[in-house]
Amino acid sequence: MTPGMLGQLGLMLAVFFSVAGLVSVVAAWVLRDARYVRVARRAALLAFLGTLVAFGALEWALLTDDFSILYTARNHTTASPTWVKFATLWAALEGSILLWALLQTLYTWLAGLRMRDYWTSPVALGTLFAVQLFFLVNVLFVINPFTPVPNPPADGPGPNPLLQNHWMMAVHPILMYLGFVGLSVPFAHAIAAMVTRRYQTWVSETKWWLIFAWGFLTAAIFAGGWWSYEVLGWGGYWAWDPVENASFIPWLLATAFVHTAMVQERRSLFRSWNFALVTLAFAATVFGTFLTRSGVIESVHAFAGGPVGPIFLGFLLVILTTGFALLGRVSSEVRDAGSVRLWSREGLLLLGALVFVVMAFVVILGTLFPLLVEAFSGDKVSVGAPFFNQLFVPLGYAMLALMALGPVLPWRRAEPETLRALAAMAVALVLGTGVGLALGWTLWVSLTAGLFLFNLVALAWLVASPIARKARVLGGVRTGVGALAWSRRRYGGYLVHFAVALTALAIAFSQSYRLDVQKTLEIGESWQVAGRTITVHALRAVEESHRYSVIADVEVSGLGLLHPRLNYYRTSRTPFASPAVAYTLGKDYYLVLQAFDQKDSEWVTLRLVVTPLVLWLWASAVLMVLGTAMILWPSTRRVQVGRTPEVEA
Amino acid sequence: MRTVAGILVALAIGAILWWGMQTKDERSELPSALAGRPAPAFALEPLPSFRERWGGELDLADYLGKQPIVLNFWASWCYPACYEEAPILEAAWRRWGDRVLFVGVNTQDEIDKAEKFVTQFGLSFPNVYDPRGKVGIDYGMYGVPETFAISADGRVVRRHAGSIDATQLEAMIREVLP
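From first to last, the protein sequence lines stand for chains A and B. If you count by our numbering, then the first sequence holds residues 1 to 649, one letter each, in order. If you count by our numbering, then the second sequence holds residues 1001 to 1178, one letter each, in order.
Next up, chain A with everything else stripped away, as it sits in the complex:
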């Protein structure tokens, strides 16, 4: 048995069991027999195992340098270090779709285990089977990584050098796919709810999956930003690159949905909104995949254009058409019964969702605008950061304000007791902005600082007032604090909000106060800049199996030695700069080796970027993931209630 044969076998089994699962759920739906759902669940597990075998086979081929299959011959090299060999699986088109299929089958299986509703589960499971079948059929028939190579080469070119430059490349795509693929579960629940016309329970059934996927999307976007910062060597973390945008659009729509879903749960409002949002969010993940794999846009992320472009475009249109056709059919039944006051929690949640939808629209427009212009006038234009920044700054402020106000206001209508909180928040806003201006910060940065405090006061009030209330009722502050554990989910949400406010602060400072300078220094020479002394001690070359590197040893006073480097890979003439970053709580010192004396190694050209608060961006990512985990962690109380009798018996 060779890796190629094993991979083909695994894929065939996965397709077979996906078809079997699909047939079973159709039988369950037509015959109204829940036993077939159980059969489908087993098929889901077997389809996952089949895909896992294919995944394992491709890893086997990569780790043993087997070039007899197309994927390794094109994308692998014996020179790669082991971790790069492992991650090469998702460094190119075929493997990345195989990883996608693997995660999709995993989600189908796990989500199927938790589906309890007799009416909706056949449709929801069927939707997931259809989606996974789409990916598996593509991997097996259109872009098969296991296609045999008649005369295998002795070595291959290896993966894209950019992907070999940082270990984050082994992590970021998996996080991203876990988020992207995870959104298929809420989509499946929504389709099931619309097909069966059972609108009440789907949101609470799917909420856990939605937040789960949201958490991974969030982590993936920050991880991508960090990779960009640490690898691309331009000193920034977000460039409005089309594919960054493609990951941001589903995040924005999913975030909108997370909030409107709460309103549907509490007040049964926004029901058609939620169907539309979840369809758009899932479609946006496919849109992102289409953009990266069709050659439509040019980007650091783009894979070589293959035959899958038209296929993904078709899939995207099928998703949109299915979702909106079903919504059109049921829209008269899901019209909102109650009315929404603007000045209430649901009113502001709706407004917040609108802000996110507008943001998503702005990103879509900015990403596709160059294509539109080229289609109609033939001119090549590029939509850069200024367009996005101009629109995102006001939208971001609106989001920051709503994010603080929404949770403070009660459901239905404002009550007098919240007025005191609002007054305190207003004072914090004015004070924060005023102090910022007095310190000489720009208006935008000061306003962000004001809104950060605005959020902080709101969160403080939200945390303190229930404790005070509990303490009044139960007696003693400690009992009140103990009550915190009872609403872990709510505090998880507050933590995420705090982290978003912190992100805004970090973005405002890092975008506004940036020092970017460049200088050519002799070896041994010192440079006084940004309050530090930078000394170049040495320039040396290091030969590794997969690359050749030129490294400068640079001392930054108070921060120690940094090693910015230029890496040369054989597949590319242009060297790849690996910056060296010294993080501090206040500012980052980011050094890039721009050029060096190739003849006598006597000088280097260094670029120094000093950016404030970037560390806090990464810290807030960690807080967001923690907050999400708090929301998702299974509730221990409910489990205990169920188990207590057994324990006592």
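If you're looking for bench data, these hints aren't it; they were derived computationally from the structure. Computed from a prediction, not measured in an experiment: that's the story for all the values here. It is possible that some hints are incorrect.
Dumping the calculated SDA-like pairs for lysine to any residue here, alpha-carbon to alpha-carbon at most 20 Å [claimed, not checked]:
| # | chain 1 | residue 1 | chain 2 | residue 2 |
| --- | --- | --- | --- | --- |
| 1 | A | LYS380 | B | TRP1019 |
| 2 | A | LYS599 | B | GLY1140 |
| 3 | B | LYS1116 | B | GLU1045 |
| 4 | A | LYS519 | A | LEU561 |
Keeping the supplied structure of chain A fixed, place chain B upon it in accordance with the hints.
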């Protein structure tokens, strides 16, 4: 009504994206900074199987300005592009070899893997060994494979990046033939 509008919007988006997919061409004719300038000379050791016929060193300067030259940069790890064009290059050499000199520059490779490649395609035009890829730098090459056409008066005339097909190669050769 709303359904019709929705379908129209979806079709419009689909049409634009479809159009976007069709218009991205692969440009393989790259302008060379060397275009019209004298081709850089080099002297390198041929791969083992060519030493009997071409000696221990092939110096391009011996041929520059005397006859047209096709220079092809390749490597054994360059799959699939170099594997696709190798038979085409060999066929062209057999057809025009009496009037045009073909030189393969094996770039950043290992000698045994390069030899295996030569044997696999039965290459009979001279191939030299450049493990550090220095000649590629002189020619401003981006990455293997790349093919350069040098006229009989020793100037770089055309450059092709990526795998070359028979028609493109023939056009290139006809341009430098006297």
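Each hint tested on the structure:
1. A:LYS380 / B:TRP1019: holds, 14 Å
2. A:LYS599 / B:GLY1140: holds, 18 Å
3. B:LYS1116 / B:GLU1045: holds, 17 Å
4. A:LYS519 / A:LEU561: holds, 18 Å
Going down the numbered hints, you'll see the structure goes against none, and every one checks out.
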